[in-house]
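From first to last, the protein sequence lines stand for chains L and E. Last residue of the first sequence: 290 (my numbering), numbering continuous. Last residue of the second sequence: 341 (my numbering), numbering continuous.
In case anyone wonders, no lab produced these hints; they're calculated from the structure. Don't take every hint at face value.
Cβ pair distances, simulated, as ranges [what the hints assert, rightly or not]: (1) E:D102 / L:P137: 52 to 60 angstroms; (2) E:G182 / L:T234: 28 to 36 angstroms; (3) E:A197 / L:L271: 36 to 44 angstroms.
Glycine residues also receive a C-beta, built at the ideal position from the N, C-alpha and C atoms.
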Amino acid sequence: MPEATAAATPVKQGIGKHGIGKEGPTDRTTARARAARKRAILVQSTRALVLVAVLGLWEWSARTSVIDPFNFSMPSKVWDQLKEWILHGTAQGPLWEQVWATLQEALIGWAIGVAAGVVLGIGLGRARFLADVFGPYIKVLNALPRIVLAPIFLIWFGLGPASKVASAVVLVFFPVFFNAFQGAREVDRNLVANSRILGASNRQVTLQVVIPAATSWIFTSLHVSFGFALIGAIVGEYIGATKGIGLLVATSQSTFNAAGVYAAMVILAVVALLAEGLLTFLERRLFRWKPAQPGADG
Amino acid sequence: MSRHTGPAIELRGTSKVFRTPSGGLHTAVRDLDLTVGRGEFVAVVGPTGCGKSTTLTLVSGLEEPTEGDVLVAGEPVRGIGSKVGFVFQQDAVFPWRSVLSNVMAGPRFRGVPKAEAKERAREWLARVGLSSFEDRYPHQLSGGQRKRVALAATFVNDPEILLMDEPFSALDVQTRALMSDELLELWSGTGASVVFVTHDLEESIALADKVVVMTAGPATVKEVFEIDLPRPRKVESVRLDPRFIEIYREIWASLGEEVRITRERGASHA
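So here's chain L without its partners, still in its complex pose:
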């Protein structure tokens, strides 16, 4: 009771002094909004400045031969290279074909790796026996630097896309698997107990409780793993291929075209960022049931 009256008093006073009471907070709100806008502009412009400074320094030191322009190239040459690839195509065909080839391999490898990782992760997470049997083997496989398998896949599956897909799969599988496994293991016990009391069968618990509960774990790994899929595809192409951005890097390198290597990197970065954006969009749609995270930037 005393708290309620204490809280009520200042409100009454505020209403009493019409003009002043009203102006004070609105002034402060606009001031705060202005400050926030100012800060956003400052952050953006500093960001742009950093980029310009780095590129400028690079360009300047290459032109004045502080660094060797043949080995290190320079931003303007990279830009020219990109323009040429876009407008006139690359030595191995049009640019979009190379991008699409890499993207296709990465996507297929990613899809297979994710599907296998989720199914096995959830399965082993739910079945104690299987987890105990396969646990050590999976640990050993995970400890292996799996990228060394890429040359073997090249021998097995040839120069075509299959060998790149395979190396993407082995890179993607493990992080997804471990997250799905962990997610299935860490489902709230109360939630499982509750659903069993409500009448859920084992299958229903897996499909309707464990999988939804593990999705946020799985999604965390999806972000990282798409990057891995791209790495798998690129490395595969680099070792031996007839198409793709990795081949672009390899041919640029073998002709001592440093600008070409950088240009391929720029293309890769753009592709990776677009894929990341798409995933974030999907995640938002899927996780509408989650409270908005404080501090997550818009």
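Assemble chain E onto chain L, guided by the hints.
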């Protein structure tokens, strides 16, 4: 009250021993005898951590007794029965399901067609006063509202046996009193037998027909008190009844001693 058709729940010389992570053995419940009549509301009170909740998991079939028998409707418990409802202490609603879908979960798990499940869920949502919230997600509700969802989700299955494990302990005092009244109202129409575990003696007297006092862990029944306060009761007003205060004093004389023992044990461990 008529309860001549045999007890709804019977525990006979039941013990439950858990293996602790360090490899030792922990006896949660020892040699427990407890009978709950049909349609009876039994409150179980005892010191914190004495093994009250374990009793519920044994009746629900989530855990098996190490020794002794647990009977529900005269049959020994084997696995989770379809007649049992359980309201947990923590939120056990599905955060990724809307309110309506949460309440539909039970019937859907049990194979009730979607339309019928929806109809029954809406009915119970109306009874707990959440009709206008059916499209919300749990994180958009208050603690009291989430508890109402949990109650509706439990009652929609028409449980004959209702097990409640300190269901309102996470709520603030006013909400708790309100929820207790709502629980009594919901329960009065169902004829379900209730075992309500709590460490709040006032709550137990206000709600129950019978209060069972447990000993300090390992839990076993110390004393059983019949509560002869007339129904229907309102939690806030029954609390001021002279008879209520009399009963409270009587039970506390028994419970207080166990609480003291638990506290002294805690002190000697520290």
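Now for the hints, and whether the structure bears them out:
1. Separated by about 59 angstroms at the C-beta atoms, D102 (chain E) and P137 (chain L) satisfy the suggested range of 52 to 60 angstroms.
2. Taking 28 to 36 angstroms as the suggested C-beta distance range, the pair G182 (chain E) and T234 (chain L) does not conform, at roughly 55 angstroms.
3. Between A197 (chain E) and L271 (chain L), the C-beta spacing of about 40 angstroms keeps the proposed range 36 to 44 angstroms intact.
Comparing the model with each earlier hint shows a violation of hint 2 alone; every other hint is respected.
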